[in-house]
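Q: My request is simple: use the sequences and hints to build the entire structure.
4 protein chains.
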Amino acid sequence: MVKVIGLCGSLRDSATSEKALKLALAAAQSAEAEVEYLDFKQMHLPFCHGGEDYSEYPDVAVLQAKVKAADALLISTPEYHGSFSGVLKNALDLLGFEELTDKVIGLISVLGGAQNSNALNDLRTVSRWVHAWVVPEQVAIGQAWKQFDEQGQLIDPKLAERIEKLAFSVVDTAKKLR
Amino acid sequence: MVKVIGLCGSLRDSATSEKALKLALAAAQSAEAEVEYLDFKQMHLPFCHGGEDYSEYPDVAVLQAKVKAADALLISTPEYHGSFSGVLKNALDLLGFEELTDKVIGLISVLGGAQNSNALNDLRTVSRWVHAWVVPEQVAIGQAWKQFDEQGQLIDPKLAERIEKLAFSVVDTAKKLR
Amino acid sequence: MVKVIGLCGSLRDSATSEKALKLALAAAQSAEAEVEYLDFKQMHLPFCHGGEDYSEYPDVAVLQAKVKAADALLISTPEYHGSFSGVLKNALDLLGFEELTDKVIGLISVLGGAQNSNALNDLRTVSRWVHAWVVPEQVAIGQAWKQFDEQGQLIDPKLAERIEKLAFSVVDTAKKLR
Amino acid sequence: MVKVIGLCGSLRDSATSEKALKLALAAAQSAEAEVEYLDFKQMHLPFCHGGEDYSEYPDVAVLQAKVKAADALLISTPEYHGSFSGVLKNALDLLGFEELTDKVIGLISVLGGAQNSNALNDLRTVSRWVHAWVVPEQVAIGQAWKQFDEQGQLIDPKLAERIEKLAFSVVDTAKKLR
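Chains as they are written, first to last, in this note's numbering: chain A, 88 to 265; chain B, 88 to 265; chain C, 88 to 265; chain D, 88 to 265.
Just so you know, the hints here were simulated from the structure itself, not pulled from any lab data. All values reported here derive from a predicted model rather than from experimental measurement. Any given hint might turn out to be false.
Each pair may be met inside one copy or between any two copies, as identical chains are not told apart.
Distance condition first, Cα-Cα at most 27 Å in a straight line; then the derived DSSO-like pairs of lysine-lysine [said to hold, decoys possible]:
| # | residue 1 | residue 2 |
| --- | --- | --- |
| 1 | K155 | K128 |
| 2 | K245 | K128 |
| 3 | K233 | K262 |
| 4 | K263 | K128 |
| 5 | K128 | K153 |
| 6 | K245 | K233 |
| 7 | K263 | K233 |
| 8 | K233 | K153 |
| 9 | K262 | K128 |
| 10 | K263 | K155 |
| 11 | K245 | K153 |
A: Laid out in structure tokens, this is it:
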């Protein structure tokens, strides 16, 4: 069974990036993946200091172990200033080749303004650096504040389908590349 | 007088990115700029939560006020996973158009391995997004661990000269664009 | 007087990228710049072979001389496959530091689908490489096929204003950086 | 059997990018792939005009058919002005989703100066756009003019090994993703 970890770059309650991530994780689950969302709002992660010892912050070891044990990642981020969030980059900085190499990754970004792929582009460069595989499918959700209904579903069925396809591609690719 | 703020993306003591930044700030000072280094190791900055209220963390307001009052920024970052550090991105996420638009920016990155401009490229995209001006000069210091002597000076005089030119260009451009 | 050269990455007749460029050049002219459009459809440029001798193609020398003599460039390109056109990159490959360094550049892209800044991002990296100055303003025109009226004017006045501001910024910056 | 097409972004005789490509193709062949080098110096390709009809240039149809029939591409380019060559971008512009989607791609760049991954980054963005798969391995050869011996072999055995690994990864991934 393919194991998929979900990571979200926003610490905001009811963030649209988190809503999009949950839809993608549900789709992965419907494709018979085992899914888990590591909620940074519930974890106590420090700023990366570039060293090795994070024993004061046991959640760093939790993050590292869970990501290492997974086959794939679904990552969703708000686009802040034309790139992904510092919160997300800091979490990735706490991980390394040991945890990230060969992972299959699917990417989602949400934006307040018009759709743009800058945050996704930068995440691709970082993912490549650690020798992970980012699937070609990706979803950038523009004007994200008006795209979800009260149940957290996407209003536009085409967008919902793209999230689903992204998740299916991640699960399928993880099986093939294993 | 041109005011230059220095920002560093590493929290490590004696980080090479900080050494490089201090050389650049000294060069800017020698060009008669007023310089100040905002040391993130000495500040208590939170993770950006995407909202407005950071009143529990007064250093956020300090960061915002100092950057807003400056004409230019010198930014130095370690390259982590093919981009700039999450620590630095988070600090930039705490800033916005009000503080960053029209600033003149000079960029430095340090790497453990071979020289590369990925972190600088991503910082350029982010700087453009907030309508800042990044000078064409930039410095990426490869194998940074062996480039500095015990006094924190660059051993290679060509590299030292490039840092100096970067700082001079930032000061000069800030005067012209004002 | 500021001299601005216009370059367009499309060879298609009545290309939307050319229409957008002409609007930008007209705006630059209204700001008292001297403008000239170097139409690649009318020039006989070869593929860049990486050498020095293009004496069989006198238009290479024309391109080089005109760009060298200018203060600024307005560049408009269709986005093909998530980047700017090969036609435009080849023309830039025929130029070098001697012609491009210190030029002030303004960038426009047109896309058939949704707005995106990939072509502009890549043009910024290339412009930086040759030490040119790209102004922070930029315009990406999505679904370009429906944005122009029969007189070649932009239907959306906000887009028209953004083209104008881009051109004004290029002229203004060229004056300041000179 | 995996079919691999080689494309080179330089038109220069004895280009180092072509030498590197030939080494990669030989490695792919040793991994039992069927390889073919489409030499742009021997083909008569026009500038892309953004339309459909290239019947005056039959080599366009040859390029399209050969790439479409392949499983994978090895692409090598000189880095001109911080990106890949216009010659290569133009050839990719002549191709589309029909030929490129789902292809597995391996990337090499050569530079006169220090190693850098800008050309490779831009090729990754373009490859993603057409939904191709670029393997995480990549090779950027700095100061390429001094890296090859008279037989066209790489002098540094580590670089030679990296080219080999890149080719093996392309063949292996093409098998897995088929």
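Q: Does each hint fit the structure? Answer for all of them.
A: Hints versus structure:
1. K155 <-> K128: within (20 Å within a copy, 30 Å between copies)
2. K245 <-> K128: This pair counts as neither: shortest intra-copy Cα distance 30 Å, inter-copy 39 Å.
3. K233 <-> K262: neither (35 Å within a copy, 42 Å between copies)
4. K263 <-> K128: For K263 and K128, the Cα distance exceeds 27 Å both inside one copy (33 Å) and across copies (37 Å).
5. K128 <-> K153: within (16 Å within a copy, 29 Å between copies)
6. K245 <-> K233: both (15 Å within a copy, 22 Å between copies)
7. K263 <-> K233: neither (36 Å within a copy, 40 Å between copies)
8. K233 <-> K153: neither (33 Å within a copy, 35 Å between copies)
9. K262 <-> K128: The answer is neither: 30 Å in one copy and 41 Å across copies each exceed 27 Å.
10. K263 <-> K155: Result: close both inside a copy and across copies, 18 Å intra and 22 Å inter.
11. K245 <-> K153: neither (32 Å within a copy, 34 Å between copies)
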